[in-house]
Amino acid sequence: MKSGGLSKIGLVVSLLILLNYFSAGAQGEKITFTPHWIPQAQFAGYYAALDQGFYKNAGIDVEIIHLTANISSFEFLKNGQALVVSSFLMDAVKQRAAGIPLVNIAQFSQHSALMIVTKKESGIDEAKELNNKKLGIWSSGFDDIPLAFMREKKYNIELVRILNTVNLFLMGGVDALTVMYYNEYDQIINSGVDEEELNTFFFSDYGFDIPEDGLYCLEETLHKKKEALQKFVTATMHGWRFAEQNREYTVDLVVEEMNKAHLPNNKAHQRWMLDKILELQKPGNKNVKRGHLLEQDYQRALKIFESSNSEYNKEALLFETFYQPLLQE
Amino acid sequence: MRKNSLSFQIILRVLLFCIVLGGVIFAIYYYYSRTTIEKTTRENAINLANNTIFRIEEVIRPSEKLPENLAWMIETGALPKDSIQSFLKKLVKNNPEIYASAIAFEPGMFSEEKQAYAPYAYKRGNEIETTDLWSPAYNYFLMDWYQIPALLKTPYWTEPYYDEGGGEALMTTYSVPFYVNENSKKIFGGIITIDVSLDWLTDIVNEVKIFDTGYAFLISRNGVYVTHPSRNFIMNETIFTRAKDQEQPELRKIGRDMIQGVSNLSEITLKDRGHVWVYHRQLPSTKWSLGVVYPHREMYASLRTLNFIILLLSALGLSLLTFFTIRIINWQISPLTKFAKSARIIAEGNFDAPLPVIEANEEMKELHDSFAFMQKELASYIVNLKETTSAKEKIESELRIAREIQMGMIPHIFPPFPNLPEIDLYASLESAKEVGGDLYDFFLIDERHLCLAIGDVSGKGVPASLFMAVTRTLLRSVADKNRSTAEIVRSMNKTLAINNESNMFVTFFVAVMDIQTGELRFCNAGHNPPVLIKNKKEVSFFNITKAIPIGLFEDFDYTEERIQLETGDQLFFYTDGLTEAEDARENLLGEELLLDVIRKNADATPKKLIESVIQAVAQHVAGHPQSDDLTMMSISYFGNIGKNA
Chain G
0 MKSGGLSKIG LVVSLLILLN YFSAGAQGEK ITFTPHWIPQ AQFAGYYAAL
50 DQGFYKNAGI DVEIIHLTAN ISSFEFLKNG QALVVSSFLM DAVKQRAAGI
100 PLVNIAQFSQ HSALMIVTKK ESGIDEAKEL NNKKLGIWSS GFDDIPLAFM
150 REKKYNIELV RILNTVNLFL MGGVDALTVM YYNEYDQIIN SGVDEEELNT
200 FFFSDYGFDI PEDGLYCLEE TLHKKKEALQ KFVTATMHGW RFAEQNREYT
250 VDLVVEEMNK AHLPNNKAHQ RWMLDKILEL QKPGNKNVKR GHLLEQDYQR
300 ALKIFESSNS EYNKEALLFE TFYQPLLQE
Chain Y
0 MRKNSLSFQI ILRVLLFCIV LGGVIFAIYY YYSRTTIEKT TRENAINLAN
50 NTIFRIEEVI RPSEKLPENL AWMIETGALP KDSIQSFLKK LVKNNPEIYA
100 SAIAFEPGMF SEEKQAYAPY AYKRGNEIET TDLWSPAYNY FLMDWYQIPA
150 LLKTPYWTEP YYDEGGGEAL MTTYSVPFYV NENSKKIFGG IITIDVSLDW
200 LTDIVNEVKI FDTGYAFLIS RNGVYVTHPS RNFIMNETIF TRAKDQEQPE
250 LRKIGRDMIQ GVSNLSEITL KDRGHVWVYH RQLPSTKWSL GVVYPHREMY
300 ASLRTLNFII LLLSALGLSL LTFFTIRIIN WQISPLTKFA KSARIIAEGN
350 FDAPLPVIEA NEEMKELHDS FAFMQKELAS YIVNLKETTS AKEKIESELR
400 IAREIQMGMI PHIFPPFPNL PEIDLYASLE SAKEVGGDLY DFFLIDERHL
450 CLAIGDVSGK GVPASLFMAV TRTLLRSVAD KNRSTAEIVR SMNKTLAINN
500 ESNMFVTFFV AVMDIQTGEL RFCNAGHNPP VLIKNKKEVS FFNITKAIPI
550 GLFEDFDYTE ERIQLETGDQ LFFYTDGLTE AEDARENLLG EELLLDVIRK
600 NADATPKKLI ESVIQAVAQH VAGHPQSDDL TMMSISYFGN IGKNA
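These protein sequences, in sequence, are chains G and Y. Under numbering that gives the first Met the number 0, think of the first position of the first sequence as 0, with each following residue one higher. Under numbering that gives the first Met the number 0, think of the first position of the second sequence as 0, with each following residue one higher.
If we strip away everything but chain Y, and leave its shape as in the complex, we get (with noise of 0.2 Å):
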């Protein structure tokens, strides 16, 4: 598919535009989808942190209350010295959540001369042992399960310890200040306790999955790991260590709002688990804080399939998209190579090439139409050209002929008299048209008259050059040496004028010239007056009665004029197409251009003196085409003398 095809550049922008408003869509998708997970990622990680939360307190809780119970016996005195010891294996074996227990005194509390006393029934297989802590080794009043409660006089739950001795197990303690009452005085009598194994609060939170490796994790108040998916961090680590090692401010940040019991959901990019969202909360009996970790990877790993999915899906579709898209627009333009070629075909001039077969495309229907249209005007217009081109033909040449019988009408050899030394003669008519209604004419009368005539027949083309053809049969019908030039005229003119129907006229000049005198008699009927050259260098026009044209009025009174020649003298002919010959600017060449040239050729013979105005017309024309019959004659006297001579 080449690229400037029309079928490209819809595909491409059909494409363009899929892609953009896909890629719009997309990411609209895309950004409510994160959101909805965000926001249900940070649902379910609050759910779950309260939810293991509550199993943990659902243990906890009740533990707490045996201690506490155990206080308010001893201060109430529900509890007798000497049973203590079975009370507390009683509490122990009834309390499985509980592995130990112990009533720590203060020194002289249990009785005046013990300074230390501190019963303790413990676990030891199934059976139930009891012991007393105190030992020279084992100094409890500076234990933190003791000095804590005891100075804070506060419950307290211990940091986590790992218990070697008898539980080998992760342990926690819970420790109760207790008071007796002595002289009605409230005195602190030492810390009740109990031991907790840690393991089914390890199970509670390990069995949190989140995920593939999200987890929970727990850390006491001093942000030691009590429980973490990498079991070295328990005990060893505590959140600020990990955050120390790893160089992430950040953590320690979380690490201190947990410690300090705020919840919060907080982003982080581990060092070693990378980008994970963290949500907190405390526990509200030890004040350890639950963590629980969503990776970030892991909670889009859903969107990131669809994601994928939809690419696929996406690049798919736009792959059948652009294979039908580039198969229905062939399909549908591909008559337009065939207008082509059927174009190409009626321009060569077979007006019947086939045209492509239209189905079901309404422009292209259209389009078939026109063509057909076209096929059958141009067959048509070419029919009639062929019939005006011929008609036309036929009636140019019909002119042709015309004109050749028209130049046939008048005298065209020169010299046309060699015999006759007298005078020297020439004649020139170009015609604007294949026939014009210009004249002249000259012939003998007798031996010593020649008449001369010059003619200008209204209008143009074949009615002038028929009128003309009348005016000159005339001229010679009624030409005689006895006549004067104005019957001549008067005769020509009553002729014309009668049955003029369509009013055509013609201005003409008629002179006779006696050879042998040089006397010249002539008649004007509405022509340009002649230029008469004397001695040849003065040039004039004739100063004679204009009168009107003949053929208009058949009893116009046309006067007869004459001068005398004097040899040497030479006469000048011509038509108004001389002087009204125009170039492009519609100047006229006009009579004093005309005098001018005439004066610069007053010496020349009438031939060159007609040659020399027709290259001056030319040049005043400079190509303009000519609009008028261009119609000169000239004749120069040169009396007696040439015949003497």
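Isolated chain G, as found in the complex (with noise of 0.2 Å):
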């Protein structure tokens, strides 16, 4: 019990040798990268950009050092674990007004997956009628979007804090679950509830489409290792290209990757993980190019957080200052 789950997990890494030693020391710069969640499908394009040596043709050296659920990946940056890190567009927001000098530097999800889900035998048909509801949220984090949504809406609801299982909603301790819809959304209809029970709202269908997960480094790492940066960025929108076109085959690397990391996994959902954030990453009807950030969305983001924040320095999250593309696509 105490040492149950992801928790055990945590300062395990799972370390990737990506090098072929023996090929003729073509030892390239080091780069270190931590996803901010266990691994799974939601970082395919990274594991297939290291089985089909797309980090090593490019000439970097890249290690991928995986954390749990309860650190930000933003901590690995900070102690400099690692040089490149991926989170939420929302979070690294927050960090950058923290005063931490990070940079985004690529952007592969261009829409919002959350949602909260209802069972339809609630009653909770209408997102109005959220109010005074029990609505289960992770303990860790990836709030924001939940509470400006509260906010906006003015619904006075009971958030449940929870660490990262569905089944306290399954139980039904609580009337509503925030999900992602790649992963916990799954979950639920991987534990027996169909699609048909349940009521989902998306946020993004009310005005919080606000992109996800990122590459982020520090402006430091920026200005020192721009060119293996770019090197990277490159090979991982090559490994998500790869990603896409070879489902089966990528999910049977993201399932070799929990096994090492020893997570329960199966390919089902997987499967279901890798189609839906390959969907998020298209740009659908925004105006903006694969693995860029488009300036409204990180506007809307930034909207997001001076409505619970109303005093920061400006200047530091300034869209130029914030984002650093280094796709050259």
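Don't read these hints as lab results, they were simulated from the structure. Mixed in with the good hints there might be a few duds.
Listed below are the simulated DSBU-like cross-link pairs for lysine-lysine, each with C-alpha atoms no more than 30 Å apart in a straight line [claimed, not checked]:
1. G:132 / Y:185
2. G:119 / G:275
3. Y:152 / G:119
FRET-style restraints, in silico, Cβ to Cβ [to be verified]:
4. G:119 / Y:305: 46 to 54 Å
5. G:285 / Y:129: 25 to 33 Å
6. G:226 / Y:259: 57 to 65 Å
7. Y:283 / G:125: 34 to 42 Å
8. G:119 / Y:129: 28 to 36 Å
9. Y:271 / G:244: 21 to 29 Å
All C-beta atoms, glycine included, are put in the ideal place defined by N, C-alpha and C.
Join these two chains into a complex; the hints should help.
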């Protein structure tokens, strides 16, 4: 019990040997990368790039260091354990506002997968019916958008902080649950609840279509290792393209990663996640290229941040300073 | 064996019947066997699941009591706060099925200053260690084992988890909320837990053996596989991810039934395991669900083996049946072939042909007897036939001789009187049988007088011919130039009528012609009137008294008539065989037709005339067999001219 689930993996990092050491000493510049969650299909593009040798071919030596749900990837960035991390845009804005000199060097996600799910039997068929209901939400953060939504709608919702399972929701301990469409939503389905039995409220449908996964490094690192970082970003983009075209193979890679980290896994869920993550990367109706951050999206994120933080260093959060795109596409 | 042979036909029918009968019996047997197997399997599945669940519950139920009792102890104050740790230690030590136990307090519930406190005793090797679960990295208030029962205020079995830190085993935790009395109010105090290793449970479920590949599996409340023969499913897959992976919505349906606590027997074809029966039932304690899987193939394996044996035996039986049927039938009907041979030999005339020896077949014996009887009858018939034939041949030869004699009695050399130019005469007699009763005769009584006679004896054949011979002999003996024709007839009549026992008679016409004068005296005794052809054109019957035939009344008084013939006149005598000649439709030739024929040939010589009439008769009867004697006689009178010339 005390070591159950992710807590145990907290400090255990999974080290991936990416280079072929007997290949003629082509050891390039070392880049340590930390995704913002445990190994899963959310990061398939990185595994694919590594597996396919895209990083090595670009002349960089990439090591992926995973963390746990309890720690933010930015901690790894701050303490130097990682040169590059991935994170949600909202979290990055908060971190930069808090004085961490991080910059966005690529934005892979273009849309929000955040949503609230309720059981139809709870009678919550419309968003306004969430008022005065219990909502399960992660204790580890990612709550800016739900909170902004509640503020905007002036809903009085009782928040129940949870760790990372959907069990409380399944047991009826909360009326609604904040979930990611690509992850927890499918977990609920995979626990025997049919989609027809659920009501879904996507934040993107309520004006909160804030992009999520992006790549971040410190300003200093950007200056020192711009070229290597550029290679990293480009090779990662290739990795995602490969994943898109070789989904079944990529799912196998993901499962392999999860097995290495001793995480329970199954292909059905990772397949779902990969499909949804790739869907989120498509610009859709947004006027932006893949891998880039749309200024309006950033401004919308900033506004959400402002709605709960009136005083901050506005200079530091200018789009031009925050966003330093390295993707040459 | 030929396709049309009797034995083939019998065997074919017997075999077909046996196959159909066997098929029907087999179908019924198969249906009932299947039904029985299904029923037994259903019962077995239910029993197996129930037994397994009972064994699991036997362990779980007493374990549940521990935290529940502990909760009661805390609530009632029976457990002092300072002895909690040592108590937990003892509890873990004394209950081997428990790996660890904790009492997790709500903030401030253990003491005012403690915001979190969770004393925890657990096994490490043979020792029992204690610790406080709380740490900034382990906020137990957010853990399922705490949060869910705390919010729901009800005991809760957690989802199974793999404990990598201490137990190194699959675990589950049972959490029971406890309360404390504060100011006589019951306030939620925290959660009491026990951690139970699931090794024993896995063992129990894995012990379940069903045929060769059948198995039992256990899924958690969320459908996560807790035990399964595919080890990589355990804790990784849920029954629903498997359903999605295999694209089998019906598996998802079973999974939903299972987690919703429905007990049911379902049939499903799993893509990786084939067609199976799944019976499932929920564990009352943890709400997990046990499934027992019966592979369809193996369920019916014994039935299939049995079927195979039965079919094999049936095939063997049918072969033997065929073989022996062929043998028996061939043996039974083999005499038929021999009979056929015998019949052929008999048909060739050998009535002593040997018959097959029949031993034990009644029908064949009967056939044998019939054949033997037929042989005997045929032989005796043939003997009779031979005798009859020889007798007949004898009679025929006698008749032939009689005919020659009879024919010898009437003149048959033409022309009969080549030195008498005054007349030309021709006659013909065709008997219907070998000998007949008709007669004609002509002879010169002296140089001037020619006697002519024609007659027809009643009846036919030998008696008639004899009577005819008598009549003819009588005529020759009584004909005298001094006697009138009537006297001749009277004399003949008298003689014939006396001693005429058989009452035979003869129609008779007798005439005496004076060759020089052409005077014709005649007497008719019941005979057909002759035809007179005058001047080679006028044709008519004699207009004469018919009188009665001779031989009937001895004293009948016949009279003589006479006519004067002119030069060139011709007479035509005949018997009724001519006018009564019948065709196939019994039409008589008739007198009119006769006159017509004669008229057409009025200028012909007697021979030509008679030949023409014979031809006309042949035309009329058109092949119909002659039934009466046919006798004709014709004479032409040329008078003295011929002599003078």
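Query raised in the report: Is the Cα-Cα distance between residue 132 of chain G and residue 185 of chain Y 30 Å or less?
Result: holds (26 Å)
Query - Outcome of range test on Cβ distance (residue 285 of chain G, residue 129 of chain Y; 25 to 33 Å) - result: violated (57 Å)
Requested in this report: Mind checking the hinted window 57 to 65 Å against the Cβ distance between residue 226 of chain G and residue 259 of chain Y?
Outcome: Between residue 226 of chain G and residue 259 of chain Y, where Cβ atoms are some 58 Å apart, the hint holds.
Requested in this report: Starting from the hint 46 to 54 Å, judge whether the C-beta atoms of residue 119 of chain G and residue 305 of chain Y obey it.
Outcome: About 52 Å separates the Cβ atoms of residue 119 of chain G and residue 305 of chain Y, which means 46 to 54 Å holds.
Query raised in the report: How does the Cβ-Cβ distance of residue 119 of chain G and residue 129 of chain Y compare with 28 to 36 Å: does it lie in that range?
Result: violated (46 Å)
Requested in this report: Below or equal to 30 Å on CA atoms is what counts here, so check residue 152 of chain Y against residue 119 of chain G.
Outcome: Distance of about 23 Å is within 30 Å: holds.
Query raised in the report: How does the Cβ-Cβ distance of residue 271 of chain Y and residue 244 of chain G compare with 21 to 29 Å: does it lie in that range?
Result: Since the Cβ atoms of residue 271 of chain Y and residue 244 of chain G sit about 28 Å apart, the hinted range of 21 to 29 Å holds.
Query raised in the report: Within 30 Å, alpha carbon to alpha carbon, are residue 119 of chain G and residue 275 of chain G?
Result: holds (23 Å)
Query - residue 283 of chain Y versus residue 125 of chain G beta-carbon gap, inside 34 to 42 Å or not - result: holds (38 Å)
Violation of the numbered hints given earlier is confined to hints 5, 8; the remaining hints are satisfied by the structure.
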